[in-house]
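**Q** Work out the full structure: start from the sequences and follow the hints.
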Amino acid sequence: MAHWLLKSEPDAFGIENLKNRRNQTEPWDGVRNYQARNMMRDQMQVGDLGFFYHSNVKEPGIVGIIEIVSAGHPDPTAFDPHAKYYDPKSDPDHPRWYLVDVRFVRDLKRTISLSELKDHADDALAGFPLVRKGNRLSIMPVTDQQWEFILGLENG
DNA sequence: GCCAACGTTGGC
DNA sequence: GCCAACGTTGGC
1 MAHWLLKSEP DAFGIENLKN RRNQTEPWDG VRNYQARNMM RDQMQVGDLG
51 FFYHSNVKEP GIVGIIEIVS AGHPDPTAFD PHAKYYDPKS DPDHPRWYLV
101 DVRFVRDLKR TISLSELKDH ADDALAGFPL VRKGNRLSIM PVTDQQWEFI
151 LGLENG
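Just so you know, the first sequence maps onto residues 1 to 156 in UniProt numbering.
Please note: incorrect hints may appear among the correct ones.
[Claimed, not checked] Below are the DSS-like pairs computed for lysine-lysine, each with C-alpha atoms no more than 27 angstroms apart in a straight line: (1) Lys84 x Lys19; (2) Lys19 x Lys109; (3) Lys58 x Lys84; (4) Lys19 x Lys58; (5) Lys133 x Lys58; (6) Lys118 x Lys58; (7) Lys133 x Lys118; (8) Lys109 x Lys58.
These are calculated hints, taken from the structure and not from any lab test. Note that the structure is a prediction, hence the values are computed from the model and not measured.
**A** Next up, the structure:
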């Protein structure tokens, strides 16, 4: 089982929104980045767990845990001319963009802030894309060691 | 609001 | 294939 981190701006869709969805489940749509697309399409598996990360807020950080509940499949919002993330270059016969469905698992007891994570950028979290300067990836892999380390911070 | 860093586009 | 221009991300 692999681990992931998924970013979202809570102004658009935060973990509170996810909790309020039917079955606390939501398609993670609107991703328009090839690296992130490839991970959803090719690597994510049902049962994988992910951190839910809030970006573009006063205190960016990890706020909860989600589970991947579907394999990658085409993102229908790319086909919809009225959708915000419509992409005319994607069509159902040759989909360009993919998504996975995610389900709320639990809140963290506290937000583990980006600044706290960066404190470990040179040791336990060395190589973790999130703490690298200029990182813009909205979906990234988390190694087992990084996952356990970050979970350990929750009680610290 | 600023701006550095990044990914994408398109001319050549 | 190169790379300048552009739009976006996202921390601060």
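**Q** Compare the structure with each hint and give your call.
**A** Status of each hint after checking the structure:
1. Lys84 x Lys19: Holds - the C-alpha atoms of Lys19 and Lys84 are around 23 angstroms apart, at most 27 angstroms.
2. Lys19 x Lys109: holds (15 angstroms)
3. Lys58 x Lys84: holds (25 angstroms)
4. Lys19 x Lys58: holds (21 angstroms)
5. Lys133 x Lys58: holds (18 angstroms)
6. Lys118 x Lys58: Holds: Lys118 and Lys58 sit about 16 angstroms apart, inside 27 angstroms.
7. Lys133 x Lys118: With Cα atoms ~10 angstroms apart, Lys133 and Lys118 stay inside 27 angstroms; holds.
8. Lys109 x Lys58: holds (18 angstroms)
Comparing the model with each earlier hint shows no violations; every hint is respected.
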